[in-house]
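Following the hints, put chain B in place on chain A, whose structure we already have.
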Amino acid sequence: MNDLFYLSWQYIRHHKNKLLILIFAITLVIWLPIAIKSVVDQTAAQLLDRANNTPLVIGAPGSPLELALGSLYFRTQTPATLTFDELNNVEATGYASAIPLYYRFNAQGHPIVGTNPEYLKYRQLQFAKGRPVALLGEAVLGADVARKLNLTVGDFVVSSPENVFDISGVYPLKMTVVGILKPAFSPDDQAVFVDIKTSWVIQGLGHGHQDLNNESAIGQVLKKDGSNIVANASVVQYNEITPENIASFHFHGDYSQYPVSAIIPVARNKKSAALLIGHYREDRESVQILRSERVIAELLDTVVTVRNYIFIGITAVGLATCVIALLVFLLSLRLRHGERFTLARIGASQWQIYLLMATEISSVLLVSACLSILLVLATQRFGIQVLQQLILT
Amino acid sequence: MNYVIVLLIVLISACSKEETENQTAVVGAAEIIAVNYPLYYFTTELAVDLATITLLVPGGVDPAEWTPNVDEILRLQQADLVILNGAGYSRWLNHVSLTESKLIDTTATVSSELIPLDQQTTHSHGPQAVHSHGGYASTTWMDLALAQSQVQSIARALAETWPGHADVINQRKTLLLNKLNELDKSYKRQVEQLTGRTVFYSHPVYQYFERRYQLPGFSLHWEPDEQPSEKQWGELERQVANKSDVLLIWEDSPLETTLQRLNRMKIQTVVITPAAAKSGNTWYEEQLRNIDKLNACCS
Chain A
1 MNDLFYLSWQ YIRHHKNKLL ILIFAITLVI WLPIAIKSVV DQTAAQLLDR ANNTPLVIGA
61 PGSPLELALG SLYFRTQTPA TLTFDELNNV EATGYASAIP LYYRFNAQGH PIVGTNPEYL
121 KYRQLQFAKG RPVALLGEAV LGADVARKLN LTVGDFVVSS PENVFDISGV YPLKMTVVGI
181 LKPAFSPDDQ AVFVDIKTSW VIQGLGHGHQ DLNNESAIGQ VLKKDGSNIV ANASVVQYNE
241 ITPENIASFH FHGDYSQYPV SAIIPVARNK KSAALLIGHY REDRESVQIL RSERVIAELL
301 DTVVTVRNYI FIGITAVGLA TCVIALLVFL LSLRLRHGER FTLARIGASQ WQIYLLMATE
361 ISSVLLVSAC LSILLVLATQ RFGIQVLQQL ILT
Chain B
1 MNYVIVLLIV LISACSKEET ENQTAVVGAA EIIAVNYPLY YFTTELAVDL ATITLLVPGG
61 VDPAEWTPNV DEILRLQQAD LVILNGAGYS RWLNHVSLTE SKLIDTTATV SSELIPLDQQ
121 TTHSHGPQAV HSHGGYASTT WMDLALAQSQ VQSIARALAE TWPGHADVIN QRKTLLLNKL
181 NELDKSYKRQ VEQLTGRTVF YSHPVYQYFE RRYQLPGFSL HWEPDEQPSE KQWGELERQV
241 ANKSDVLLIW EDSPLETTLQ RLNRMKIQTV VITPAAAKSG NTWYEEQLRN IDKLNACCS
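Here the protein sequences line up with chains A and B, keeping their order.
Numbering-wise, our numbering puts 85 at position 85 of the first sequence, and it's gapless, one number per residue.
Numbering-wise, our numbering puts 277 at position 277 of the second sequence, and it's gapless, one number per residue.
No wet-lab data here; the hints were simulated from the structure.
Glycine included, each C-beta is placed from N, C-alpha and C at the ideal position.
Hints are not guaranteed to be accurate.
[To be verified] From the structure, some residues in chain B lie toward chain A, with a derived Cβ separation under 7 Å:
(1) V70
(2) L74
(3) Q77
(4) L93
(5) H95
(6) S97
(7) T99
(8) L103
(9) H165
Bound conformation, chain B alone:
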C-alpha cells in the first residue's frame, strides 16, 4: 500500500513539474516588429536591450509596397508589439489577422495632421452609399515634427509594455527627440536656401516635407531606376517651360542617362531619400546625408 502511495506522489509531482516547464517555455525573448526603416530606427534607439527589434521587409523593397506572406503574418501574430506607421501606410493590414492591442499606430494621436490624398476615386454600386478607396499621404516622418510624435507614441507603448523600464525609455526618448529636433532645424536651414526656386519631386511621397518646410512643388511619377518615357519627358518639358532655377528632388539616385538629359534641360537634381527601406546606413545617417546633399547642391 505504501508503495502505491509513493508511486502516486511521484506521478503527481511529475505532472506538476511538466506543467511548470510548459509555462516557463512560453516566456521567451520579446520581439517588436516595425513596418519600415524609420520606425525600426526609432524603436531600436528606444528599446534596443528590451526586445529583439525586427524589420521584416527585405532590403531594396519599398515597405509601403510590401505585403507579408503567411509565415511573416504568423510571425507578426507572435510579436509582442507591431509598430505601424498609420495613415494607411500598411495596406495589407485590413487583410491579415492580428491582435489589435499589439498594433501601435504611431500617427493615431496626430490623425488631424494627416494629409488626404487628392483625386481619390469615389464610387457607389448597388444599394450601398458612395465610398472611396483612397486615403492619406503616408510618408509622415519626412515632417520631423510628426516623426517626433511617432517617437512619443512608440515610447508610450514601450513604457506600458515594460513599465519597469519606463525611466530608461523616457531618457532615451529625450535624447532621440533632441536628435530629431536638430535634424528638423538643419532641414529648415537648408530648405530656406531653396526659397523662390521651382521644385519638382520625382514621386508623390514628399507631401509632409513640402508642408513642414514650406517647399511646395509638382510631383511626378518617375522611378529612379527606370528610364522615363518620352511622354513623361514631354510633360516635364511643358511644365518647366518659361521657368528658371528648376530643382528636381529624387527619392534615390536616378539613372545616368536621365541625369544627363536633365542637365541638358538645365534642371538641377538632388536626392532626398525618405529612407523607408533598409539600407547600409541607419535612417538617421541617411537623413544627415540628405542634408549634406542639400548643402552641396543648393547652398
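Bound conformation, chain A alone:
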C-alpha cells in the first residue's frame, strides 16, 4: 500500500501546478454557494434581530426603507427630520415612551447619534470603561469606534464638517470621551453617542460664547442700545464644552421645534403598539410610523431573490467546473496510458493500477473538500465582519 502512496505522491509533486489549479477550482465550487448562503443568512438574521428589537419607528414622511435603515443602522445621508415635540405627542398618547434619535452628523466617518439616557438601557449596552453621558459635550463610543480611532476615556472625538467647502458653516465640536461600550456586534459598535442637545450644538442651534456684558468682550461689541448689545462676528464661540464655559452654552428658540431624525416608541405592550400604530395612521399625516420588521423583511426578500440568482449562477459554473475537472481527469488518464503500461510491465496488477489512479484523484478531491470546510468555517466565523469592513471601507 505504501508503494501506491509513494507513486501517487511522486505524481502529485511532478504535476503540482496542474493539480493546484484543479484543487483551487474544486474548492471554490464547493465553498462559494455555501459561503453565500451562510453570509446572506447571517446578515438576514442580524438585520431581523435588530428590527425585532426595535418593532416600531416614527419618522418624517418619505421612504420607509430609508427611515428603517437610518434609525436601526444609522446609515443615511441628511435624513428628513421631525420636530422634538413629536416626542411629547408620542408620550401623550399614553401608549409608549419615546426615545429620540438624531443621526445627521458624523465623527471621522462614524455616525454621531444624539439621544437620551434611555437608548443605552433600551439596547442593553454595557460599558467596558467609563460612564454614561452626563453633560453637554460628552460622548460615549461604540467598541469599534474606540478601537479604530484608538481612543479611550479622557480623549476627544471631533465632529466632522458636513461640507468641507462650507467655510462659514458650524465649527466642529470637540467632545470629551467619557465612556467606551463593550462590543454589542451591532451598528451601535460603530456609533458615537451624545446627548441630543450636543447634536443641536453641532448643528449650531445652541452655542456658547463670551459674555458680551463682560469688559473683556468690549472689542467685539459694535453698539449698545439700551439692553440690546450688537456684537461683531469676532465674538469667540467655543468649539469645546468645558466645565469653565458650559454655563455660557445656550439654545435659541423653542426646543420643541428642534430636529430629530427618528423616534423609537417603546410600547407598553402589544395592544398599546397596535393602538399607537392606529393613532398615527389615522390622525397624523405629517409623520409616518412603521413596523421595522416588515420593512427589513421586504428588503431581505429582495436580498434572498438576488441570492437565489447568484446561487443558480454559481451552481451552473460549478457544474461546468465539475465537467471540466472530469475531462481533466479523463485526459490525464489517457495521457498516462504509457505510465499504466510500464506499471503493468514491472508487475503491478490491474487493480493496483486503478487504485493508484483513484488515489491520485481522491487526493485532489479530499484536499479540495478539506479546504472548503475550513473556508466555510472561516466564513461563518468572520464572513460578516469582513464583508462589513469591505462595505464600510
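Chain B alone, transformed into the frame defined by chain A:
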C-alpha cells in the same frame, strides 16, 4: 446519550433562571428627585410611601444656584421622576443629559402666569438673530395659587406613573391644597395690614408674592449674611428719603450690625423666607413661621 440530554436541560434551565434574576434585579425602589424644598415638601405629602423622595441640594445651598455634579446627574438619570420648578429655575437643565419624559415641569400649565424678568440683555452676533439669555422670575411658590397649580402637576404625574395609587394621591392632593389655601388666606390677611407702607425686598425673589398679595416694592440685592457696602447703604438712604413707615422684607435673618443700622434709619424689618433650601423645619412650618413673624411685626 440520556446524560447529555439531562445536562442540556440543566444548562438551559440555569440560563433561563439567570435571565429571570437579571430582570427582577432591575425592579427596585422608585426614586423621585425634587429640585427645591417646596417641591420636595409637596411630593413628600403626596407620595411618601410610593417612592424614596430626595432633595439632592445640600442644606444651606440655594437650590436656584445649585448645579449637580456628574454623580448627581447620573442619579437624576436613574430617578423615576424629576420634579422641576420650571420658569428657568434649574439653569443647569440645558447642560445635562436627562430623559425628557421623566422631567415634570410643575409650572408648564401656568406658563402664561410667569413673570418675565426686567432688563434682560439681548444681543446679536454674526448672522444670527437677536436673542437674550434672560428668563422668568422663578420663586413661583411664593404665590400660593401658583403653588397649588404646582401641586396639581405633581399629583397628575404621580397618578400617571402609579395609576394603581391614583385615588390615594388625589385624596392627599385635596388635603394639601386645603392647607395651601389656608396658608394663602393667612398671607392675605397679614399683608392687608401692610397696605400703604413703603416696602423694600432684600432680594428680587418676591415677584410672585408681590403680585399675589398686591404688595409692590423695591428689590435690593442685599445678602442677609453679608454686610452691605456703603454704596448700597447710600442707595437705600436715597430711596427712603422723604418716605415713612418703611418695611424691609428679608429672605433670612440679616447680620446684627445691619439690623442696628436699619433700626437707626427707622426701617422696620421682617423675615419672610421662601424656604427654597432644606432646613430643620418643613417648608409648611417655615411658611407658618413667616405668617407669625408678619403678625408679630406689623399687626
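Taking the hints in turn, this is what the structure says about them:
Contact between B/V70 and chain A, as hinted, is supported at the beta carbon level, the nearest pair being about 5 Å apart and thus within 7 Å. At about 6 Å, the closest approach between the beta carbon of B/L74 and any beta carbon in chain A falls short of 7 Å, and the interface hint on this residue holds. Annotation: B/Q77 was flagged as interfacial toward chain A, and the flag holds, the nearest CB pair being 5 Å apart, inside 7 Å. Restraint check, B/L93 versus chain A: the minimum CB separation of about 10 Å is more than 7 Å; hint violated.
With a least beta-carbon distance of about 5 Å to chain A, the hint placing B/H95 at the interface is held under the 7 Å criterion. The criterion of a C-beta within 7 Å of any C-beta in chain A is met by B/S97, whose closest approach is roughly 4 Å, and the hint holds. Hint on B/T99 holds. Least Cβ distance to chain A is approximately 5 Å, under the 7 Å limit. Annotation: interface hint on B/L103 violated; nearest CB of chain A at approximately 10 Å, more than 7 Å.
About 17 Å separates the beta-carbon of B/H165 from the nearest beta-carbon of chain A, more than 7 Å, and the hint is not met.
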